[in-house]
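Student: For reference, the chains in residue letters:
Number of protein chains: 2
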Amino acid sequence: MAHKHTRIELLTLGDELLLGLTANSHLTFVGAQFARRGLTLARNVTATDDAEVIARQFAESWAAADVVITTGGLGPTCDDRTREAVAGVLGQRLVFDEGAAAAIRGRFARMGREMTANNLKQAMRPERGEFLPNPNGTAPGIWVEQDGKVLCMLPGPPGELQPMFVAQVLPRLAARGLLAEGEAYVQVRTAGIGESMLETRLAPVLARHGDALSVAWCAHPGAVDCRLSSPDGRLGRAELEGVARECAALLGDDFLCFGHDSPARVAADLLRSRKHMLAVAEAATGGMLANRFAEEAGAEGVFAGGCVCPGEASMMRLLGIPEDRPPRHGAAGGETAVAMAAGAAKRLGAGYALSLTDAREDGGAPAGAAIFMGLHSPRGTWAKRLDFPASRETANQRAVNAALDWLRRELLRTRPAPAACGRGGNL
Amino acid sequence: MAHKHTRIELLTLGDELLLGLTANSHLTFVGAQFARRGLTLARNVTATDDAEVIARQFAESWAAADVVITTGGLGPTCDDRTREAVAGVLGQRLVFDEGAAAAIRGRFARMGREMTANNLKQAMRPERGEFLPNPNGTAPGIWVEQDGKVLCMLPGPPGELQPMFVAQVLPRLAARGLLAEGEAYVQVRTAGIGESMLETRLAPVLARHGDALSVAWCAHPGAVDCRLSSPDGRLGRAELEGVARECAALLGDDFLCFGHDSPARVAADLLRSRKHMLAVAEAATGGMLANRFAEEAGAEGVFAGGCVCPGEASMMRLLGIPEDRPPRHGAAGGETAVAMAAGAAKRLGAGYALSLTDAREDGGAPAGAAIFMGLHSPRGTWAKRLDFPASRETANQRAVNAALDWLRRELLRTRPAPAACGRGGNL
Numbered sequence: 000m001a002h003k004h005t006r007i008e009l010l011t012l013g014d015e016l017l018l019g020l021t022a023n024s025h026l027t028f029v030g031a032q033f034a035r036r037g038l039t040l041a042r043n044v045t046a047t048d049d050a051e052v053i054a055r056q057f058a059e060s061w062a063a064a065d066v067v068i069t070t071g072g073l074g075p076t077c078d079d080r081t082r083e084a085v086a087g088v089l090g091q092r093l094v095f096d097e098g099a100a101a102a103i104r105g106r107f108a109r110m111g112r113e114m115t116a117n118n119l120k121q122a123m124r125p126e127r128g129e130f131l132p133n134p135n136g137t138a139p140g141i142w143v144e145q146d147g148k149v150l151c152m153l154p155g156p157p158g159e160l161q162p163m164f165v166a167q168v169l170p171r172l173a174a175r176g177l178l179a180e181g182e183a184y185v186q187v188r189t190a191g192i193g194e195s196m197l198e199t200r201l202a203p204v205l206a207r208h209g210d211a212l213s214v215a216w217c218a219h220p221g222a223v224d225c226r227l228s229s230p231d232g233r234l235g236r237a238e239l240e241g242v243a244r245e246c247a248a249l250l251g252d253d254f255l256c257f258g259h260d261s262p263a264r265v266a267a268d269l270l271r272s273r274k275h276m277l278a279v280a281e282a283a284t285g286g287m288l289a290n291r292f293a294e295e296a297g298a299e300g301v302f303a304g305g306c307v308c309p310g311e312a313s314m315m316r317l318l319g320i321p322e323d324r325p326p327r328h329g330a331a332g333g334e335t336a337v338a339m340a341a342g343a344a345k346r347l348g349a350g351y352a353l354s355l356t357d358a359r360e361d362g363g364a365p366a367g368a369a370i371f372m373g374l375h376s377p378r379g380t381w382a383k384r385l386d387f388p389a390s391r392e393t394a395n396q397r398a399v400n401a402a403l404d405w406l407r408r409e410l411l412r413t414r415p416a417p418a419a420c421g422r423g424g425n426l
Numbered sequence: 000m001a002h003k004h005t006r007i008e009l010l011t012l013g014d015e016l017l018l019g020l021t022a023n024s025h026l027t028f029v030g031a032q033f034a035r036r037g038l039t040l041a042r043n044v045t046a047t048d049d050a051e052v053i054a055r056q057f058a059e060s061w062a063a064a065d066v067v068i069t070t071g072g073l074g075p076t077c078d079d080r081t082r083e084a085v086a087g088v089l090g091q092r093l094v095f096d097e098g099a100a101a102a103i104r105g106r107f108a109r110m111g112r113e114m115t116a117n118n119l120k121q122a123m124r125p126e127r128g129e130f131l132p133n134p135n136g137t138a139p140g141i142w143v144e145q146d147g148k149v150l151c152m153l154p155g156p157p158g159e160l161q162p163m164f165v166a167q168v169l170p171r172l173a174a175r176g177l178l179a180e181g182e183a184y185v186q187v188r189t190a191g192i193g194e195s196m197l198e199t200r201l202a203p204v205l206a207r208h209g210d211a212l213s214v215a216w217c218a219h220p221g222a223v224d225c226r227l228s229s230p231d232g233r234l235g236r237a238e239l240e241g242v243a244r245e246c247a248a249l250l251g252d253d254f255l256c257f258g259h260d261s262p263a264r265v266a267a268d269l270l271r272s273r274k275h276m277l278a279v280a281e282a283a284t285g286g287m288l289a290n291r292f293a294e295e296a297g298a299e300g301v302f303a304g305g306c307v308c309p310g311e312a313s314m315m316r317l318l319g320i321p322e323d324r325p326p327r328h329g330a331a332g333g334e335t336a337v338a339m340a341a342g343a344a345k346r347l348g349a350g351y352a353l354s355l356t357d358a359r360e361d362g363g364a365p366a367g368a369a370i371f372m373g374l375h376s377p378r379g380t381w382a383k384r385l386d387f388p389a390s391r392e393t394a395n396q397r398a399v400n401a402a403l404d405w406l407r408r409e410l411l412r413t414r415p416a417p418a419a420c421g422r423g424g425n426l
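So the protein lines, in turn, are chains W and F.
Residue numbers for the first sequence follow numbering that gives the first Met the number 0, so the first one is 0 and each next one is one higher.
Residue numbers for the second sequence follow numbering that gives the first Met the number 0, so the first one is 0 and each next one is one higher.
By construction, these hints were calculated from the structure, which means they are not laboratory data.
In this text, a Cβ means the ideal position worked out from N, Cα and C, and glycines have one as well.
Hints are not guaranteed to be accurate.
To be verified - Partial list, computed: chain W residues near chain F (C-beta under 10 Å): (1) V29; (2) A34; (3) N43; (4) D79; (5) P156; (6) A289; (7) A303.
Unchecked claim - Chain F residues, not near chain W, derived (Cβ > 12 Å throughout): (8) G74; (9) L169; (10) M314.
Throw the hints in and build the complete structure from the sequences for me.
Tutor: Encoded structure:
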């Protein structure tokens, strides 16, 4: 397959990335989009938006790659220098595009905003390039084919880049035969087990296939993935899926899903299949659990609601937990977590509830953070203490993952037939 | 200053970054840490963890830079290849470090977990390198000085990398005289105004200083920054701060803060100075507003709590909004937003409240997303409709920013003396 040898480089330009002011969401988004179509980015370079640096870096990437994608530096201000620098390397003049200028003027008119003159800089393009229209912003993208290669320049705001990439860039690359149909690997996602232990436990299955099977490990917060592929094609898709099923069977409840579903999503699907809803109550994590569940879980119909209780007053007002209860200190934190979970389930009319609260120590707090999590289910209500040798922020994220994993394991227990909940069905 | 010419490159290694499975938080973290000390990363390269690719990329960066920082590939599994590849380029053998091995064994023993044999790979280091102890994980970092340059290899998990960077890497670089004391620029952060309009409005002030003043623009979600510096030192810190104050005065309420405070943080500081608290109620955004306020705002003492209401049942149960009220459709969405804000303030005993709910249309929904936001203050309760030509996720983020900005502007109105709320005080 020709596309296997396509080398793609992503140049993300902008001081705001190097200064750590903005996360490089372009790498995450573009990388995942390509992976789904069987391509892997060869390299991502983030560089300053100085014109000379852009020119030098683009020249290096253009010489090495088949497809170069740039992001940023197409806007209206004086530090938007990508188009000039790149056009220079390509040996193309910049020309003013009256159609693009009209689109920019029209956008300002529709929004009822005054257009400053510097916006018309965005209507300049390399003479042998084409504009990619931007329905979500003023700076259009630019597409150039030269020397048998493709250059694609995209605007920096994610809300503009992402729809443009999906609606315009992927179809253009597909038309050139550069995209595969399916994913290039089969993924076994696990939860509640470390990377090295996972490798050890799966070794007997994986070793049987020798070097026909390529294995990569990828640890996320809350999940570790085992990615199976066969670079030289000796194992077909069906055989890779067979290996994946063997791994899943070996792992039992530590198996989360095949593919890329998040722990929140898997828990939500289990809730849905059992016709139950989840309520959450958070003292430690300030709405992080509610937000994760709402955003990732496709929570429509399974999320009963959440109570964010930063202090004792809100616990009383939202959850009816008496103010005179020993509050969240030492071992009493477990009682509070139980009361929160039971209170949230009752208040919101849900069959299941999760709670998270600090285990504040009276004096002599150990390094790291301790959090109590509570789980309410039709079978009972329990609390567990979690100790993390980590910062408060990391501890909160791990506590959210631990709570979702506890919920998932409890749900698996209430109806053990895996076929009924989609497990194994989405290979 | 010698450090001005220090070239630092960051190599982030791992397929999980290129496949978009994990956000490159190392760039954000390391970039921000250096920026605070007057250094800017020259380049960040993300590459696959293939040994040959690592060796080639490291050789290129090592030749060009004074300091190279690598992340990832130090773990126990067979695709952790950084140490071998880098040691080869440096011409150093790998040696087994008995002290590091003991630390790894001890960590597993303390956690009560079985240590698999592959973990001892993490006790290998280049013969003339030193280990950086890792109190938060098994893989220690590695520090090498060679050819007048510094190489620093850090483990991939952010919860391990970040404390190691702050506690060990920064002091070592400072001891070599590579870190400045203060920040290298003065920043004017704005809200509620676009980048091009901002450049146009500030042009009269900025133009007066000609090329002695360097200006960079940086748009975040919810804020646009104007960064002022004087690369050749013609303008001193006091003069840059004077220019920043002129900009702030010109911008009025569109000025958010000097420096890097988030909109949530600024709103929280205003609340604190007025001795009020904020409650939130979310139907559209699933806890995102509560979480942003809790995480970014230093919300201790000013966050009264949050109600996450994915559906009408939870609105009734948490906020007392009657189920038979025309729910969230068309213009009635404004009424719902008002009822939510007033209900949250009452339920949680807060002087201020924000609410967000979808403006679901009956048929013929326009492209993009529409959200009603509600604001309750001691002066009254209001709703506004927001239309975003964007995806649901982007719209939610913008709605959260818009709500926080509305709160800030309302707070500025209730007590106009800016000196009392810290504005201008943190230059």
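Student: Compare the structure with each hint and give your call.
Tutor: Structure-based check of all given hints:
| no. | hint | result |
| --- | --- | --- |
| 1 | V29 | holds, 7 Å |
| 2 | A34 | holds, 4 Å |
| 3 | N43 | holds, 4 Å |
| 4 | D79 | holds, 9 Å |
| 5 | P156 | holds, 7 Å |
| 6 | A289 | holds, 3 Å |
| 7 | A303 | holds, 6 Å |
| 8 | G74 | violated, 7 Å |
| 9 | L169 | holds, 14 Å |
| 10 | M314 | violated, 8 Å |
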